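S.K.: Spelled out from the first residue to the last, the chains are:
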Amino acid sequence: MGDFVLRDFKFIYLEGELREEVLLDLNDNLSNKGRVPFHSELTDTTIPNLVLSNMEKHELFCKNSEYLIPYEPYYALMDVLMIKEHVKSKYPKEIAIIGANDNVLINHFKEIIYDLMPDTGIYSCKESTETDKADMVFINGTSDLDKCDETVELSLKILKKGGLLCAFSLGQKELYKSLEVLVPNGARYVLGKEAYIYAANI
Amino acid sequence: MKRIALMPGQERPWLNYELSKDCGLVPYLLMKNHKCDAFVVSGEGEEYPYLKIMDGFRVEKIKDSTLETKLEYIRENARNLDAVIFYGITWHNIWMAEELKSVNEKCLLACALDMNPDFIDRLPFYQKPYCDYLASLDLMWQSDTEMTEFLNEKWYWEVVCERNGFYNLERGTSDVEYYPFEKRENVIVYVGRINDEHKHVSMLMKAFANVADRIPDWKLRLVGPVEDPFGEYIETFFDYYPELAERVEFTGNITGREQLHHEYEKAKIFASATWFEGGTPNAMAEAVCSGCVMAITKIGAYKDVIGDNESGLCVDVSDEEGFGEMLVELIQKSDLEKMSKVSHERGNKLYNMENIVRDIYGRLCAKGL
Numbered sequence: 001m002g003d004f005v006l007r008d009f010k011f012i013y014l015e016g017e018l019r020e021e022v023l024l025d026l027n028d029n030l031s032n033k034g035r036v037p038f039h040s041e042l043t044d045t046t047i048p049n050l051v052l053s054n055m056e057k058h059e060l061f062c063k064n065s066e067y068l069i070p071y072e073p074y075y076a077l078m079d080v081l082m083i084k085e086h087v088k089s090k091y092p093k094e095i096a097i098i099g100a101n102d103n104v105l106i107n108h109f110k111e112i113i114y115d116l117m118p119d120t121g122i123y124s125c126k127e128s129t130e131t132d133k134a135d136m137v138f139i140n141g142t143s144d145l146d147k148c149d150e151t152v153e154l155s156l157k158i159l160k161k162g163g164l165l166c167a168f169s170l171g172q173k174e175l176y177k178s179l180e181v182l183v184p185n186g187a188r189y190v191l192g193k194e195a196y197i198y199a200a201n202i
Numbered sequence: 001m002k003r004i005a006l007m008p009g010q011e012r013p014w015l016n017y018e019l020s021k022d023c024g025l026v027p028y029l030l031m032k033n034h035k036c037d038a039f040v041v042s043g044e045g046e047e048y049p050y051l052k053i054m055d056g057f058r059v060e061k062i063k064d065s066t067l068e069t070k071l072e073y074i075r076e077n078a079r080n081l082d083a084v085i086f087y088g089i090t091w092h093n094i095w096m097a098e099e100l101k102s103v104n105e106k107c108l109l110a111c112a113l114d115m116n117p118d119f120i121d122r123l124p125f126y127q128k129p130y131c132d133y134l135a136s137l138d139l140m141w142q143s144d145t146e147m148t149e150f151l152n153e154k155w156y157w158e159v160v161c162e163r164n165g166f167y168n169l170e171r172g173t174s175d176v177e178y179y180p181f182e183k184r185e186n187v188i189v190y191v192g193r194i195n196d197e198h199k200h201v202s203m204l205m206k207a208f209a210n211v212a213d214r215i216p217d218w219k220l221r222l223v224g225p226v227e228d229p230f231g232e233y234i235e236t237f238f239d240y241y242p243e244l245a246e247r248v249e250f251t252g253n254i255t256g257r258e259q260l261h262h263e264y265e266k267a268k269i270f271a272s273a274t275w276f277e278g279g280t281p282n283a284m285a286e287a288v289c290s291g292c293v294m295a296i297t298k299i300g301a302y303k304d305v306i307g308d309n310e311s312g313l314c315v316d317v318s319d320e321e322g323f324g325e326m327l328v329e330l331i332q333k334s335d336l337e338k339m340s341k342v343s344h345e346r347g348n349k350l351y352n353m354e355n356i357v358r359d360i361y362g363r364l365c366a367k368g369l
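Protein sequences, first through last, are from chains A and B.
Just so we're aligned, residue 1 is where the first sequence starts under this note's numbering, counting upward by one.
Just so we're aligned, residue 1 is where the second sequence starts under this note's numbering, counting upward by one.
Just so you know, the hints here were simulated from the structure itself, not pulled from any lab data.
All of these numbers come straight from a predicted model, not from anything done at the bench.
Treat each hint with caution, since some may be false.
Said to hold, decoys possible - Among the chain B residues that face chain A by a calculated CB cut under 10 Å, a handful are:
1. Y73
2. R75
3. D118
4. E146
5. K154
6. W155
Unchecked claim - Computed far set for chain B versus chain A, every beta-carbon distance over 10 Å:
7. K52
8. V226
9. K303
Don't be surprised by glycine CBs; every beta carbon is placed ideally from N, CA and C.
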């Protein structure tokens, strides 16, 4: 099981001594082509503040649910992956959400997106004939997904080349198998029992 | 005749030495070469001896450097101005731009940005009042290609590249004759303010000390004013390295432009370990034009200065060991004469201030000057 930390101004995923992956380096100013600063004394709206405040909002959302609270770090990690992808350019992005209970992720990301770029579109996508449209696809695997292969294939179909595919799963073993086969270059992030994030740039 | 003012962005007057930098040279050369009535506006401060060699150029004085006085000047004079040039994104510049547009919307506004990666990130450019200021500018330029490209990828407004060039005020030309390599000394020269907060001179000195025994025929010469409390560091340095007392020299501040220029000419290598710079520092532009081989840290303008390592080398900021090895590589393994000549050619091509100001004038005309 791993940890997700902000250290030396870097968001890092750690698995003991085996793995240390810098997810977003806030010292690398030239990687930020978005409008929100990595750090600034001229505004309170900075990237680390967006992530931390979204964690607080998520905590309020979860506060009565023992079931949801352990997964807060996962949402923060997804925020960081989404932000890292978003700041690669100054342009609005298209973000598609596929899978169970789409509004949870949409509502979660909306607060950050408003500051990153209000014109960024975020929508749920059950099926789509449009290909290569989305800059990011998030698969919400927080409850049973019926057809994991089809879900992953749909994600790949609508995702632009080089775009971010990110799956958040709670105990979805079938989903993981589909991802391993169809998206073999992905990285897995495990912050708690039976849950993981799987992410790759295609 | 087009009337162009360069306004002071800080709450202080312009200083004499700044007249010899791009903030003075741009309006001066607009006046000298392009028949503009271009001048600098400044609050009361020191004398300007450089005006004696800037024939016809003037500093238009206002009573002080407060924002209120500058806004008053704008209200009284803006209708007679065709263009105003700002340096940087400062609170004074932001409010002056707003006042200018309300008094004379036809007045062109231009800004030399002078940005570095750290300030670019910190600036919430999409928020008021910064976005209003940037949107009001008719022309913006950054003085190195890498930051220009980055700003165009990040911002909503067009930024062009106009470098900080070199112009010899006393000789009245940007042309620099190549000083023969065989006449140069085995000197690594640094020119600039001598401090650590910005210029990181201690790293330059330590890097030299670390490799001094491998380059025994070479000296490090530091030209410029020593700023407090760096004097204490110098004493400690020589306590630790007494053997370098004859090989690490401090000349003090040199104000004579010819004498200063000769320091560049005498040296084979120009070295700078600065933490950061906004665009190309004037000292580096002059060093390149003078044919110095460049040994620098990876500031935003490094690619413009050294090209593909044909006129010098660079290391990461704060890489002290790497800096020393870079000096050894240049001295022991490189064709310094060839690199020196390439540096000189590069300087003439990229850092000729008269060409740069001609380009700025052309852009202002294209915007309606």
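S.K.: Would you mind marking each hint as holding or not holding in the structure?
M.R.: Tested hints:
1. Because the closest C-beta pair between B:Y73 and chain A is about 27 Å apart, greater than 10 Å, the hint is violated.
2. For the restraint placing B:R75 at the interface with chain A, the shortest Cβ-Cβ distance is roughly 28 Å, beyond the 10 Å limit, so the hint is violated.
3. Contact between B:D118 and chain A, as hinted, is supported at the beta carbon level, the nearest pair being about 6 Å apart and thus within 10 Å.
4. Taken as an interface hint, B:E146 checks out: its beta carbon lies about 9 Å from the nearest beta carbon of chain A, inside 10 Å.
5. Restraint check, B:K154 versus chain A: the minimum CB separation of about 5 Å is within 10 Å; hint holds.
6. Nearest Cβ of chain A to the Cβ of B:W155: about 7 Å, under the 10 Å cut. The hint holds.
7. The Cβ of B:K52 sits about 41 Å from the closest Cβ of chain A, beyond the 10 Å cut-off, so the non-interface label holds.
8. Residue placement check: B:V226 keeps its beta carbon more than 10 Å from all beta carbons of chain A (closest about 30 Å).
9. Remark: the non-interface label on B:K303 is consistent with the geometry, its nearest Cβ contact in chain A lying 13 Å away (cut-off 10 Å).
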